[in-house]
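Chemist: The task is simple: from the sequences and hints, build the whole structure.
Top line first, the protein sequences correspond to chains E and S.
So the first sequence is numbered by the numbering used here: it starts at 12 and just counts up by one.
So the second sequence is numbered by the numbering used here: it starts at 1286 and just counts up by one.
These are computed hints drawn from the structure, not numbers from a lab.
In silico DSS-like cross-links for lysine-lysine, where the CA-CA straight-line distance does not exceed 25 Å:
#1 Lys1463/S - Lys16/E
#2 Lys1446/S - Lys1417/S
#3 Lys1417/S - Lys16/E
#4 Lys1332/S - Lys22/E
#5 Lys166/E - Lys233/E
Reference excerpt, derived from the structure (chain E facing chain S, CB under 7 Å, subset only):
#6 Leu18
#7 Leu24
#8 Ser25
#9 Ile27
#10 Asn28
#11 Pro29
#12 Lys38
#13 Met42
#14 Val45
#15 Thr46
#16 Ser49
Chain S regions said to be covered by chain E (calculated; three or more residues, Cβ under 8 Å):
#17 1297-1311
#18 1314-1322
#19 1334-1341
#20 1428-1437
Yeah, the Cβ is synthetic: ideal placement off N, Cα and C, and Gly gets one too.
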Amino acid sequence: MSIRKSLAQLKKLSSINPDEQWAHATKYSIMSEVTVQSRLIKSQKRSFNDGFNLFFANFFGKIVPSLTKVVAVVLVLSVGSGFSLVAQASVPGEMLWPIKRNMEEAELALTLSPVKKTEIHIKHINTRLNEIDKILKDEDSVSPEDSTKKEVAIKKAVSHLERDVVAVDNSLKIVKEEKTPMQVVALVEKVAIVANETANNLNQKVSNSQNTEISKVLDDAKKINQEVKDSAVNLAITVHEEVVNNVAKDVSNNINSTPSATVVSQNGANVEELKAVTEVVTKIITSELQVVSQEVANAKDKVESVDNKDIISLPKSSNLKEGESDAKAIESIDSLKMHPEIMEANLVQAKDLLEKGNLKDSMEKITQVKETYQQAETVIKRIEAAAENNSVNTSTSTPTSTKPIIPPVTTSTRPTTTSTVIKSSDETTTPELISEQGIKADEGIPEELAPKDFY
Amino acid sequence: MYSLKDSLQEKIQLLKLKNGDSEAFAFFYDQYVKRIYRFTYIRVSDKVVAQDLTQDIFLKVWQHLVDKKEIQNFAAFIFRVARNSIIDYYRLSSRQELPLEYADETEDPYSDQKTSLIDKEIDLQVLLDHLKKMKAEYQEVLILRYVEDLSIDDIAQIMQKDKNNTRVLLHRSLNKLKSLTNNK
Chain E
12 MSIRKSLAQL
22 KKLSSINPDE
32 QWAHATKYSI
42 MSEVTVQSRL
52 IKSQKRSFND
62 GFNLFFANFF
72 GKIVPSLTKV
82 VAVVLVLSVG
92 SGFSLVAQAS
102 VPGEMLWPIK
112 RNMEEAELAL
122 TLSPVKKTEI
132 HIKHINTRLN
142 EIDKILKDED
152 SVSPEDSTKK
162 EVAIKKAVSH
172 LERDVVAVDN
182 SLKIVKEEKT
192 PMQVVALVEK
202 VAIVANETAN
212 NLNQKVSNSQ
222 NTEISKVLDD
232 AKKINQEVKD
242 SAVNLAITVH
252 EEVVNNVAKD
262 VSNNINSTPS
272 ATVVSQNGAN
282 VEELKAVTEV
292 VTKIITSELQ
302 VVSQEVANAK
312 DKVESVDNKD
322 IISLPKSSNL
332 KEGESDAKAI
342 ESIDSLKMHP
352 EIMEANLVQA
362 KDLLEKGNLK
372 DSMEKITQVK
382 ETYQQAETVI
392 KRIEAAAENN
402 SVNTSTSTPT
412 STKPIIPPVT
422 TSTRPTTTST
432 VIKSSDETTT
442 PELISEQGIK
452 ADEGIPEELA
462 PKDFY
Chain S
1286 MYSLKDSLQE
1296 KIQLLKLKNG
1306 DSEAFAFFYD
1316 QYVKRIYRFT
1326 YIRVSDKVVA
1336 QDLTQDIFLK
1346 VWQHLVDKKE
1356 IQNFAAFIFR
1366 VARNSIIDYY
1376 RLSSRQELPL
1386 EYADETEDPY
1396 SDQKTSLIDK
1406 EIDLQVLLDH
1416 LKKMKAEYQE
1426 VLILRYVEDL
1436 SIDDIAQIMQ
1446 KDKNNTRVLL
1456 HRSLNKLKSL
1466 TNNK
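Modeler: Structure representation (structure tokens):
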């Protein structure tokens, strides 16, 4: 082949092309990444003009009344006290409820301080809970035709509860930017208390409710409430870390140069602030520990119940998940047995870290316990669903219900003290394990349900 | 070869790209994806590897822009990134250039096509075999010059050599190709 022919052939290599489909898919995935990053970069860049406009928007927003505020004042003043009292007593689904909601918005619009706004949102959360209480009060006595109306009302109340909960989170972030650390953590403490009460309230409602649709809606509200509480607690820890860093910086500056009287007094104030902030954040984390150790105790009880009752139904039951083998199901049970141990070990570590003053690491341990708890809850729910399916399919005499077989463990309305709930490592017990024979003799399991060649 | 219009359009898009315009990046993707794929495919002889490398190369280019580094000549820059990525790939996989006895196992780039002119395919396969026997630098300069139609200036930037060295390299690679084709 001559060199000219070789070069001509080389040119033909330019006909090598990628698959059109691959090129298109790759473009899509690259451009998704590029677009997200591009937007992030643009949002972080703030030109001088943007900063100028933002400052004046903030300034005028506070002193010049907007149309919303004018309408809010008119609404509050023009509504007669009797009428407003009736509206205050309404619940979602009733005619006057939108007016009640508008009055709440008006109250917020007239409030300038972000701390006050957060407190108002907290007040609204309590109002939503009372509304849900009222709607669910007569759930059993309601006729089937009205149950749909109740479901709609509950969904509406819960959706507004979620909105108020998220508004608390947003409001807290503004407080962090504008107020002192002590004000921030004090507010977080209030938010955490309300979030715990909300969680207990919703837990009780879920366990008492016979309607699975309503239980699901309340479960979703629980999740959002938990997320906002976690966000608030993490905010408090971030603020604490910032104060710690400030004090550390003061100490290192003092080493390098002799401080003036003003600097010394400022450093003193920073140290005092650190002490106060640490005290409040420690209280918040202690309260979290109490809540989480209650959850761990509940999870342990549930795991024990699963071992003793529902595992025998698994070989006959439908698979836990579509296409999941019984071997996989049994594997989930085995790992479930380990969860209470793991949670208790992490709790002990969290407590030790808190006592040593290591607040951030203590909270991380608590987060790990919560994650393990969630995993355990997921497996338990699947087992409950499988056990319920099995009991509906195989037994005609046993009464059916919309709720799972495992009896719910009631939670207390107030967290118990640390010393009674968190066990020391010496007292840690492992969950009851199934015996080698498979079933305990005193369980009284009918012979036909006793497993043969279980594993 | 790029027309003046294409060249001007590319310059305008490059200015937009430097300002973080993601649409401009899409323009460059469309312009260069086939070329980069072809360059990597000829060098690595593996479709899947060529696809992965191509994707990585574009992401590296974007990262370079995010890190606010300058790009004067987009074509030179992206091919340089491609070249370095191929070198890294070989280093990581510790793979040698395929010896002749494995030549049959290389994927025929025309295997997806329905029509087959057998003589043409054989010639092309022979050519690819010859390329494989050459040094990596010789392969690169031949592909960049005769397949991708890049100028000596651009090739010099890509290979981080001066223009004279690049011309010498091109001359030597053509001589090597001539000796391989005459000795077949």
